[in-house]
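Starting from the known structure of chain H, arrange chain V on it as the hints suggest.
Here is what each chain is made of, one letter per residue.
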Amino acid sequence: MTLNPARLAHFADWVTTLPPRPLPRTVTPVPGEYHLDYLARLADANHLEFAELTAALNDTAALTLHSPRGWKQHDQERLAAAAGQPLPRIARLWWPDPRVYLRDPEGFRQMLRPACRRCTARHGIHGPVACHLPPHLRAHRELTSRDAGSVGSGAGKRV
Amino acid sequence: MVVVADTGQLENRRAPTTTLEGWRSFVNADPSDLALLPAEQWEALDDRDRRDYDDARIAHHAELVVVSTSAITEITTEGQMLVLMNQREIGARRGLIVSADAATGKTTSIKQLGRLHELRVRARFPAGRDRIPVVYVTCPPKGSPRKLAMEFTRFLGLPLRTRANVTDIADAVCQVLVDARTDLVLVDEIHNLNHGTPAGEDLSDHLKYFTEHLPATFIYAGIDVERCGVFTGTRGRQLAGRCGLICTGAFPYRDEWAQLIAALEATLRLHHHEPGTLPAQGKYLHQRTGGMIGSLTHLIRGAAIRAILGGQEALTRALLDTVRIDHAAESATRRASSTR
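Here the protein sequences line up with chains H and V, keeping their order. Numbering of the first sequence is given in the numbering used here, commencing with residue 1 and proceeding in unit increments. Numbering of the second sequence is given in the numbering used here, commencing with residue 160 and proceeding in unit increments.
Pulled out of the complex, with its shape left as it was, chain H reads as follows:
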């Protein structure tokens, strides 16, 4: 991670570009989890407001230097440092382009599905986790409502 990536002159400006310190408690990211949902879980585990965590992670100076693609990588590096998680795990979160939401908020919500409760429970996660799971992906039959109906046990019902 580069310090002072925008080469800002004043210390007060570029100090925000320093890598964030790891938070005292971490939560395991679920592959495909919406990254803002992960941020909310991380903030909750550390008894922080969502805005407090995003403000600590926000590095506005990087905007002036990186292209959108590089900016995403920079955000992922900062989140990995704060969460104390390896970067590849953070990169496996779902990082959609914000314009997708802005174009069609309702359609965007429909793209989010709760992750399999059995899988998340193995990581010690007991609440719902919003994931981007394409309908054709059925690693577990209980992932989609159609399959949940065929299983018949109700174990895969969305939270």
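Please note: incorrect hints may appear among the correct ones.
[Unchecked claim] Computed far set for chain H versus chain V, every beta-carbon distance over 12 angstroms: (1) 21; (2) 25; (3) 34; (4) 37; (5) 43; (6) 45; (7) 54; (8) 91; (9) 102; (10) 106; (11) 116; (12) 119; (13) 126.
[What the hints assert, rightly or not] So the derived label-pair ranges between C-beta atoms look like this: (14) V:253 x H:28: 36 to 44 angstroms; (15) H:26 x V:244: 53 to 61 angstroms; (16) H:44 x V:397: 34 to 42 angstroms; (17) H:44 x V:300: 28 to 36 angstroms; (18) H:89 x V:413: 20 to 28 angstroms; (19) V:209 x H:44: 52 to 60 angstroms; (20) H:26 x V:239: 37 to 45 angstroms; (21) H:44 x V:222: 57 to 65 angstroms; (22) H:110 x V:334: 33 to 41 angstroms; (23) H:128 x V:364: 37 to 45 angstroms; (24) V:481 x H:55: 50 to 58 angstroms; (25) V:408 x H:128: 58 to 66 angstroms; (26) H:55 x V:177: 19 to 27 angstroms; (27) V:425 x H:50: 54 to 62 angstroms.
[To be verified] Negatives, chain V to chain H, calculated, CB over 10 angstroms: (28) 254; (29) 279; (30) 291; (31) 321; (32) 322; (33) 350; (34) 386; (35) 403; (36) 487.
Hint data in this document are derived by calculation from the structure and do not stem from the laboratory. For clarity, every value in this text was computed on a predicted model and none was experimentally measured. Beta carbons: idealized from backbone N, C-alpha and C, even for Gly.
Frame of chain H, contents of chain V only:
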């Protein structure tokens, strides 16, 4: 080519122990175990290898060696006993105050207690990597409740600077520490807490808030705690009623002093140093340092580094004379010699 030593030691700067990362690296750090090369191999080193080897030895001597003194043993035993006694306590938990002059090893002692406890918890709960068994903070000078709360947030790395309400900050800190199962809180520099001033009373009240909201044992350390106002007034009496007091001080010129010097000598990595030289200088070392362990370790480590840089490779009285130590010990030595 001979691989002589890890030359990266000098580059490995540690974060301060008042942060969680720094504290964890302190707990994880094993004592330096550098071995001396055999004489013929040492003499055959080329310039580059010799420089690397010397750098590694300097790093070894620059690291504070912890010698288990009677004070450290007493503080760790008492501290662990209190942690055990407080684990089921739901009312006022008992604490411990370590009081002494500067450079007598207070901070080292309470840190060793914290390290021992954390290693014990890790051994008992190997899967509990998200635990924070020990918190180490310093009492802020001219402190306000907000400053004290910020010391805790700084240790944990919580980005809570924007919160205006000190109770909100303290509440978040306590919840995180309860979740992380913290059971030992070390508060250093407690002499900054003066119950004779309104600011000191505020700070004390807030410290009490933490002791009541955290199911943990609090261990304090400070300089001359009995005389600096910590036990003054109602709050001071309450603190005195809840905490035991251990006073450490300068070592008298007795057997333990000789044992201490022998233990420090055993950590030296010098090629021409004869074992037994330093214990033979016991009286001189006691006069120079006034029996202060901090001054003694500084003197010996400083002389060892000079012996490596100067090529003497041994500690002699003449070399020890050249090392400047702390002002308090130097002035005490001057006073003693002028009255003779």
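Structure-based check of each hint:
1. 21: violated (4 angstroms)
2. 25: violated (6 angstroms)
3. 34: holds (22 angstroms)
4. 37: Correct as stated: the minimum Cβ-Cβ distance to chain V is 20 angstroms, above 12 angstroms.
5. 43: Residue 43 (chain H) not clear of chain V: closest Cβ-Cβ about 10 angstroms, inside 12 angstroms.
6. 45: The claim breaks: residue 45 (chain H) does not keep its Cβ more than 12 angstroms from every Cβ of chain V (closest is about 8 angstroms).
7. 54: violated (10 angstroms)
8. 91: Fine: 22 angstroms to the nearest Cβ keeps residue 91 (chain H) off the interface.
9. 102: Holds, since 27 angstroms exceeds 12 angstroms.
10. 106: holds (33 angstroms)
11. 116: With a cut-off of 12 angstroms, residue 116 (chain H) remains clear of chain V, as the shortest Cβ separation is near 23 angstroms.
12. 119: holds (19 angstroms)
13. 126: Non-interface label stands for residue 126 (chain H): nearest chain V Cβ at 14 angstroms, farther than 12 angstroms.
14. V:253 x H:28: 36 to 44 angstroms: holds (38 angstroms)
15. H:26 x V:244: 53 to 61 angstroms: At roughly 32 angstroms between Cβ atoms, residue 244 (chain V) and residue 26 (chain H) fall outside 53 to 61 angstroms, so the hint is violated.
16. H:44 x V:397: 34 to 42 angstroms: holds (36 angstroms)
17. H:44 x V:300: 28 to 36 angstroms: holds (35 angstroms)
18. H:89 x V:413: 20 to 28 angstroms: violated (58 angstroms)
19. V:209 x H:44: 52 to 60 angstroms: holds (56 angstroms)
20. H:26 x V:239: 37 to 45 angstroms: violated (29 angstroms)
21. H:44 x V:222: 57 to 65 angstroms: Distance hint for residue 44 (chain H), residue 222 (chain V) is violated at roughly 40 angstroms.
22. H:110 x V:334: 33 to 41 angstroms: holds (35 angstroms)
23. H:128 x V:364: 37 to 45 angstroms: holds (41 angstroms)
24. V:481 x H:55: 50 to 58 angstroms: Given range 50 to 58 angstroms: holds, Cβ gap about 53 angstroms.
25. V:408 x H:128: 58 to 66 angstroms: Distance hint for residue 408 (chain V), residue 128 (chain H) holds at roughly 59 angstroms.
26. H:55 x V:177: 19 to 27 angstroms: holds (23 angstroms)
27. V:425 x H:50: 54 to 62 angstroms: holds (55 angstroms)
28. 254: holds (23 angstroms)
29. 279: Per Cβ check, residue 279 (chain V) is outside 10 angstroms of chain H; nearest 20 angstroms; holds.
30. 291: violated (6 angstroms)
31. 321: About 6 angstroms separates residue 321 (chain V) from the closest Cβ of chain H, which leaves it inside 10 angstroms; violated.
32. 322: violated (8 angstroms)
33. 350: holds (28 angstroms)
34. 386: The claim stands: residue 386 (chain V) keeps its Cβ more than 10 angstroms from every Cβ of chain H (closest is about 36 angstroms).
35. 403: About 30 angstroms separates residue 403 (chain V) from the closest Cβ of chain H, which puts it past 10 angstroms; holds.
36. 487: holds (36 angstroms)
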